[in-house]
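These are the residues of each chain, in order.
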Amino acid sequence: MRTAMRSIALVGAVGLALAGCGGGTTAAPGAAAPQGTAYAGPVGKGEGKLSVLAWPGYAEDGSTDPKIDWVTPFEQQTGCQVSVKTFATSAEAVQLFSTGEYDVVSASGDASLRLVYGDRVQPVNTALVPNYADIFPDLKDKPWNSVGGKEYGIPHGRGANLLLYNLAENPTPPTSWSAMWDANSPEKGKISPYDDAIYIADAAVYLMATQPDLAIKNPYALDQKQFDAAIGLLKQQKPLVNEYWGDYIKQSQGLTSGAVAQGQGWQLTANLANTDGQKVGTAKPKEGATGWSDTWMVKKDTPNVNCSYLWLNHVVSPQVNAQIAEYFGEAPANQKSCALTTNKDHCTQYHAAETSFWTDVYYWTTPTETCLDGRTDTKCVAYDEWVKAWSQLRSA
Amino acid sequence: MAVATKHPLQSVLHRRPGLRLTGLLAPALAWLGLFYVVPLAFLLATAFFDTDSFTGRIIYTFTTDTVVEVLTDPGYLLTALRTVGVAAGVTLLCVVLAVPLASYMALVARPRSRAVLVALVVTPLWASYLVKVYAWRILLAPEGPLGGLSPGYGWLAVIVTLTYLWLPYMVLPVYAGIDAMRGSFLEAAADLGARPWTAFRTVVAPMLAPAVAAGSVFTFSLSLGDYITVQLVGGTNQMLGNIVYTNFSTDLPFAAAVALLPLIAMAAYLVTIRRTGALEQL
Amino acid sequence: MILSPAARWTLRTAAGLVLAFIYVPLLLVLLNSFSTSVTFAWPPPGYTLRWWQAAASNEGVRTAVVTSVQVALAATAIAVVLGTLASMALVRYTFFGREAVSLLVLLPIALPGIVTGIALNTLFTQALGGLTFFTLVAGHATFCIVIVVNNASARLRRMSGTPEEASTDLGAGPWTTWRLVTFPALRGALVAGALLAFALSFDEIIVTTFTAGPGLQTLPLWIFQNLFRPNQSPVVNVAAVVLVAASVVPVYLANRLSGGSAGATTK
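Protein chains in written order, with our numbering: chain A, 1082 to 1477; chain B, 139 to 420; chain C, 46 to 312.
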């Protein structure tokens, strides 16, 4: 035993020495965005290969289903051979992309700013992406995809985190999130929230309506007091929870069987649950909701910059964007895609062209120390604290 | 000696046990050293550094704050305790299930059936972790096949599911252990007048200890680090692996500090089974 | 050993119950592979062959299986060689640091897979030039070593060193002793260890995520992603059923080749 402990100590000491010797860079905490320059162009012939890091379902190459393939046409048109790697969470995405092995990534709002401030991505010259012109205007130049006036990626699509409810348990469609938060909720033990630190923003959204004296303007810009209030609300919610969901199959099982009466989730989850009969409804409550819009970003100093830009343009082209939106289950980013979906009701169901629907949807943005709502007199709680607080909440 | 003239290398090795030992140990140690110790030391050492709050890049100034924070937070210690409890529970349940099955396979089954039985025990390992856990999720659902009999999702569900996953890792060593005893020891005990249960208690059980210990090392350690099963059948509960998984990207030092906990638990477990002499008994 | 009929009956029943425990969930998987539900709902609303058809035309799963088999074979081979050597050292010799080496061999499995994964990922991407097929094999071999070590050590401990000593006394060199005395007795344990190591590598997902390069996909990764792809999740049930069915024969054969008892003494 003693020898074992001594050896462990030795290993630890070696590690400390090695780690102290260098490797990795330092960055001033909460620094301003790195000064990068976008590719000036023009976009020329492809370099022959492209490495894509994407959510499952975003970059299909026919291996799942021969009919679901928008990678092979891209390879044929541009000569860029594509290899795709998928990830399960935004945290994994950031970790994997930071290894430098991938050229482009589809980053959700809770990852995009981390990549920007971590100096992993380069600004994107949107003039070099012809299809960018047709993207819905309310997705462009948003806090999660542009910093300091520069765009850092191309919007991929969007979705809202709606209130999903079991029709049998809720004869009248709910219009408020209250059953998911109130201590005396009638649905105790039957609630299904999202299992991720970014869900703290949903608590903040509810507080915006129910505790206006907290003066929360942006659910991703929370100073310590506002943050603590959100955590308090989440602690109040915990006894109500049936399960926190990380993959939507889990949630749709619960919703279909009635074990879950109400949950925060995606339209596609409801669609999935309803394939065997109408059991689940969706609603956007009056307090508003959180949402997400993923961004295609390009690695800083990537050698395959032409292929990267060609890919970006391909993915948001009307036909391909329609295909992805239908396959994955989200609203497309390209306005022209709505006419091209196989299911003509797709865009209506996902509110793709309804600008008014999205006015009270607060898209995922990575919380930074510099408050995202513009306040300069105070500091906001940064994302890593969100994650730690979430871990603590879940461990209690 | 014939060895010296015909096989010079063998004779050298024969005369120098130290050289033999080095030859035996060096490949494994070199491999583990390069591919595990060095990167792991690096990683665990980051527990003593701080991190840029946002980008996740590490700031290389030595501090023990993170480790202290982890070791003194009651929430994390409680999670650690629960995780160890689950690992212990899984190990126990695996032993309870494995011993009868292995005994049957070694003592009662016809010789031809034995190979088939081993195959039957091992093949579920190919059914994929995720598929099996989802199957248990359905089995244990309150509205599933078991209906009201189901314990529902929670710690018991986690223990049962993990037991299911790791059972082959316990059955095979125990089976090998009992099989090795077949004949001589058990016959001797019977000849000396012991009834089967007494023979089992005084002869078989102590001799099974190494085999059980070997199997338990897997069941214990694989359960310590698991975080997927608890998400699917554990309701709202969390294990240590979940904390590491949630935080590794935004706060690697913190995740590394939390990872020290299963390391300590594993070391303690190994010490315990060595202390009981289970590994040295023959 | 002569067991009373009552004892035999008890063991037979107990064994039957445990085997039922092992196979009922797999039967559920089989049933669900025919279910029309895309969300694993229970009871199955209807039955269909759709998922089986989809699996047949799914090229991704075939590639993934082949990759997984290749990785697992390579990792197991390395683990068996290194693990056998190490277990001989640990059991037959006493030396300074023996406890530490035991713990060291165990660590890759003892720590959460994500720790191993990130550690290896950092090593490969910062120091060794990138993720490739070999880095994946290296990652897997690292945690497979302990399985072989454990099985071989348990077996070696049961074997007293006497036959080996006798062999040496009779003039055999170390290699001959190994070849004619130790290895035959150890063979069963090595096969058992190899089987378990292969299975562990075949089914590993977390370390694989961090050590597989772009374009490399093993079966667990494929399954994991398919659970995220809409309307594709039941195909994983099909994959699982096929794999279980397909693996029975090789496992049976491997066991027979090892002398039939997965580690027992030869009589």
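It is possible that part of the hints are untrue.
[As the list claims (entries may be wrong)] Covered stretches of chain C, going by a simulated chain B footprint (3 or more residues, C-beta under 8 Å):
| hint | stretch |
| --- | --- |
| 1 | 102-110 |
| 2 | 244-255 |
[What the hints assert, rightly or not] One-sided excerpt, in silico: chain A residues whose CB lies under 8 Å from chain C:
| hint | residue |
| --- | --- |
| 3 | S1132 |
| 4 | D1146 |
| 5 | D1328 |
| 6 | I1330 |
| 7 | S1333 |
| 8 | Q1334 |
| 9 | L1353 |
| 10 | F1409 |
| 11 | N1424 |
| 12 | H1427 |
Honestly, the hints are just simulated from the structure, not real lab data.
Cβ coordinates follow ideal geometry from the N, Cα and C atoms, glycine included.
Okay, the hints, checked on the actual structure:
Closer than 8 Å: that is the beta-carbon criterion, and the stretch 102-110 of chain C has 0 residues meeting it against chain B, so the requirement of 3 is violated. Note: the stretch 244-255 of chain C has 5 residues with beta-carbon separation from chain B under 8 Å; the three-residue rule is met and the coverage holds. Evaluation of the A/S1132 hint against chain C yields a held restraint, the C-beta minimum of about 5 Å falling below 8 Å. The beta carbon of A/D1146 comes within 7 Å of a beta carbon in chain C, closer than 8 Å, and the hint placing it at the interface holds.
With 8 Å as the threshold, the beta carbon of A/D1328 comes within range of chain C, its nearest partner Cβ sitting at about 6 Å, so the hint holds. Below 8 Å, beta-carbon pairs count as interface contacts, and A/I1330 has one with chain C at about 6 Å; its hint therefore holds. The closest approach between the C-beta of A/S1333 and any C-beta of chain C is roughly 4 Å, which is under the 8 Å cut-off, so the hint is satisfied. For A/Q1334, the interface hint holds, the least distance from its beta-carbon to any beta-carbon of chain C being 5 Å, beneath 8 Å.
With a cut of 8 Å, the hint placing A/L1353 at the interface with chain C holds, because the nearest CB-to-CB distance is about 6 Å. A hinted interface residue such as A/F1409 counts as satisfied when its beta carbon comes closer than 8 Å to some beta carbon of chain C; here the least separation is about 7 Å, so the hint holds. About 13 Å separates the beta-carbon of A/N1424 from the nearest beta-carbon of chain C, more than 8 Å, and the hint is not met. With 8 Å as the threshold, the beta carbon of A/H1427 stays out of range of chain C, its nearest partner Cβ sitting at about 13 Å, so the hint is violated.
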